[in-house]
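**Q** Here the protein sequences line up with chains D, L and W, keeping their order. Quick note: the first sequence uses UniProt numbering, first residue 1, plus one each step. Quick note: the second sequence uses UniProt numbering, first residue 1, plus one each step. Quick note: the third sequence uses UniProt numbering, first residue 1, plus one each step.
Keep in mind that the hints were calculated from the coordinates and are not lab data. Remember, predicted model here, so these are calculated numbers, not experimental data.
Under 10 Å between C-beta atoms, here's a sample of chain D residues computed to sit facing chain W:
#1 Met98
#2 Ser127
#3 Trp137
#4 Pro248
#5 Tyr302
#6 Ala308
#7 Leu317
#8 Phe331
#9 Leu346
#10 Ala349
#11 Gly359
#12 Glu361
Beta carbons are placed, not taken as given, at the ideal position from N, Cα and C, and that holds for glycine.
Chain residues, written in single-letter form:
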Amino acid sequence: MSLIDLSGYLLYVAFFCYLFGTFLFGGAIKEKNDTAASRADKYGKLAITVTIIGFVAQLGYFITRWIYTGHAPVSNMFEFTTAFGMFIILSFIVIFFMYKVSALGVVALPIALLIIAYASMFPTEVSPLVPSLQSHWLTIHVITAAIGQSIFGISAVAGLIYLLKNVNMNERSKESFWLETVMFCCVLIVGFVAATVTFNVMDYEAKYEYVDTLDKVSTSTYMMPPIFGMNEYVELTEDRMTPLVELPALIDARKLTTVVWSVLFGTVIYILIRLIFRRKVATMFQPLVKRVNSTLMDEIAYRTVLIAFPIFTLGALIFAMIWAQKAWGRFWGWDPKEVWALVTWLFYAAFLHLRLSKGWEGKKTAWLTVIGFLIILFNLVVVNLVIAGLHSYA
Amino acid sequence: MEKKRKRSVTRGIILAILAIAIGYTVYGAVTKDKLEVVKAGAQAPDFEVVDLNGEKHRLKDYEGKGVVLNFWGTWCEPCEREFPAMTRQYSAFANKGVQIIAVNFAQSEFEVKKYVANMGMTFPVAIDKTKSVFTAYSIGPLPTSIFIKPDGTIDRIITGEMSEEKIAQYMESIKPE
Amino acid sequence: MNIILCECGHENPEGTNLCQKCGSPLTLEEKSKKIADMRYEGTAIRSKTYNKSIIDKIWNFFSSVKVGISLIIINLVAASIGTILPQEFYVSVATDAEKEKYYSDVYGWFGEIYYALGLSDLYSSLWFQILVLMLGVSIIIASIDRGIPLHKSLKNQRVKRHTSFMKRQRIYSEGKPSENTDQTLQLAEQTLKNLKYNVRREDDAILAERGRFSRYGAYINHVGLIIFIIAVMLHLVPGFYVDESIWLREGETRAIPGMDGYFLKNDQFILETYDNDPQGEQIKQGINVVAKNYQTDVTLYKQQENAVPGQAEDLEEVKQFNIRVNHPLKHEGYAVYQMDFRLNEIKTMVFDLTLKETEESLGQVSIDLTNPQDEYLLDNGAKVELMGFYPDFSGFKEGVPQTATQTPNNPAFIFKMSTPEKPEGETSFVAIQQTLEPEGNNMYKMKFANVETRHMSGLMVRYDRTIPLLIVGAIIFMVGVVIGSYWNHRRIWIEQLEDGTVRLAAHTNKNWFGMKKDLDVLKKHAHIPQYVDQLESENNEHVETEKDGKTL
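Isolated chain D (complex conformation) (with noise of 0.2 Å):
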């Protein structure tokens, strides 16, 4: 077996602990009675002992792909996703440490595992390096800033749980309408999870020549049945599905033809759910968070946050300049991705202000941890795959 198939088998490992771990935490909650306290306590020592294991078997995926490819496993979307997931893990078992609370669990396990599924989703072959990229900084400013993003991550985490328990899901509100939304948010990356798997299992693939914004002439593979045809597009793969409509050459009609199908797939998933349960996702979670103390989920999401900043702006910003002054001899350049890391901290800056000011507390402040991490989701999904610029992967 080689270094890089017992990589890719350590994550599958990892996967389903956490996968078990979110329920051994479900077991954890779900005990009522007082006489089950001691129960309760043992599912919540043994879902964390599953979710250690597993964060183990996935540093281990890390190391050994290191060790293979002979730079950091941060350097294309499949694999800097994968170590967002991870660093989210391992946010997530320091803060259980700190303050030992099952819930959390419930929610964060969930978001790495969808984070997890959706880089595996992406080429997981070893691509070389480029050379701007070949630099240790790079590695040290990419895995500071993950960090830092993770555990803005467990602050949108204990926001969440907080909007949870203290938003009425049985009545029409403004808050009750976004808190579902961002619920059907995560269950259109379920979506794309889905079409993806779907059309591979079907081994679909459609080959283009199109011409680009640039008058070139440039193929592209599609891996989903195209719904948009990139701009003067010609088949090169025969008994396809011919496009319903043809896009100008500015946008890239593949990346929006996956979208498309995610939605479609996430659209229908959602109406099943709805259709199957007979109730807001929302209020699906509500049980698990029932018995959580307020006050506390308050202060750990601003806590995170607090633990989160500095972290973030040393790896984001500063690591970041310093990479780009050894690259390029400049250590700031508007280049979108780094406009975005900027946009989070200052997003950041203005949450911390808020809150000590203003006195922005309880339901302000969870939806401010949970806008922040759609935030940090979006730079790291449309910024590296729309908007190009240096950072953009493959």
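Given the coordinates of chain D, assemble chains L and W onto it according to the supplied hints.
**A** Just chains L and W now, kept in the frame of chain D:
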């Protein structure tokens, strides 16, 4: 009351300092190129070139004379249009102490010699092989002409084509007394 | 200025919420709150005390946290707008007209609007810079306005606080100690000292404090930010910052812009690629090769002392270096970076002087485009004269060939071929895939044989004297943020009444969870009654509560 006045003064000073700093930064950002070292009124950087005949021309040696420094290239159409006028004015000012030096943008000797012979340029033409003089004068678009007064300061910098009247007028203004 | 007299006799400035000395509520609004508002210790924010002159008004505007937060949000939104389309400096066209065309060609009407609004060069626009600087001003003024009063009130703290202050703290307890009533304060003092608190005792009251310095974290990081912003502003001062680029062909020596007296020679440009098969995303996007290394081997030269521009003889070699991405050439504060490259520019063209009929060659002529010769002699007495050379042939104007640029993109020549058969010479115009014979049918032709090319490196010259200041700013900022985030300011007030009753109040600026752990230790050792978290009991009034101490 005394305390309040003092506070007002302190605040005023802090605000004034901040306003000046912002003003300077904004001004600097807007007028980025105007902060260049080579500008009208400044001392022209000294240089030395060797013309096609092998003669050395050093700016310092022309002290007391007006100097027109013309930066050009063979592909540049406006340069081509202004050379006949420049050649005529060169003879007109020959005895009045105004020298024209044309500096070519690092092209081959073959091209420049053919071009000069073709255009019948009579003033010295040099090739700036290392673009060293171009760099020292931060030359952007061609043609650019620099009019240097007898005391060695820059009278004006003209980017783009000049009419014969303008050439004559500018040369007149750098003529030694 | 109006002053507010507290019942303890202390004179507080107008706008104070909690007496600086004893902590009693001074305003009606403050009195009505169940839990005291401890932000900025309830002190008067300086700006709020006067609002008279224009200076005060400007000052007050910038000192407002609301304005500060608004500025953060506005900057955030503005910065993100600039990422919708690539900025001009990532678009590699030169003139404004070309840029405008690029945006409308590539992005359609949206691109046109984006360009017209100046969003394509947002980050160097006047309004964006003003926004950033306004945020800077807000940071400075708000810090002065809040930092100084906070410092004063932290310094002037009294040990014994007013009862209503104690009662209105989030954590409060009152009651008789379970044992050792006469030693409560000694025990408390000892316990708190063991917990690394600074303990002050006055009669029968204790003030224990820990991590007060963390309150200054915010102000320290603001100082760091300001230094950083100043350093960035210094880029505009002449002499602090050089940012130039230079294209250098292989074999060429050029003066380095911005680095007076230095010359750089491009000895060789190397492009290495990975020899792997394309995979995954690479195939999807149709990228065939992945670059492994971009490298320019250069020699750095220095002019002789006292030399002036243009004197490029007797250059003194300083060093040889291989510039790679992430590995710039460094010399005396200057750094030269590998930025770009262009492959295969024509350097030399080789022609065969060929007899048309038999395709027989009289010999080869090799023309170095950087230094063409007037004539080329062949062994057998034949001669090729070069009458004209047009590196970037663009057509004829009045019968004369024209060149569009100085770069050999489309070289064209006029040859005069003198051969034994035609000693007077035959003229031929030769361009790529085009031959014109003005005198009719020539016997001989210049047949293209081969070509030698060379590469061109795009290098970036940088010099930045503000780096040390940037580093100082960043370090101060990080220190401030870490202090403010990872430490917290905990205070415990204890007071024992004559009948033995103990009152305890506690406050921390964050991490109440950690504070409570300290209090649990204190409770155990000094036998103080159980405290109440008044905020928590307020929040959880309607919710069934867990068993004490166990949170899920």
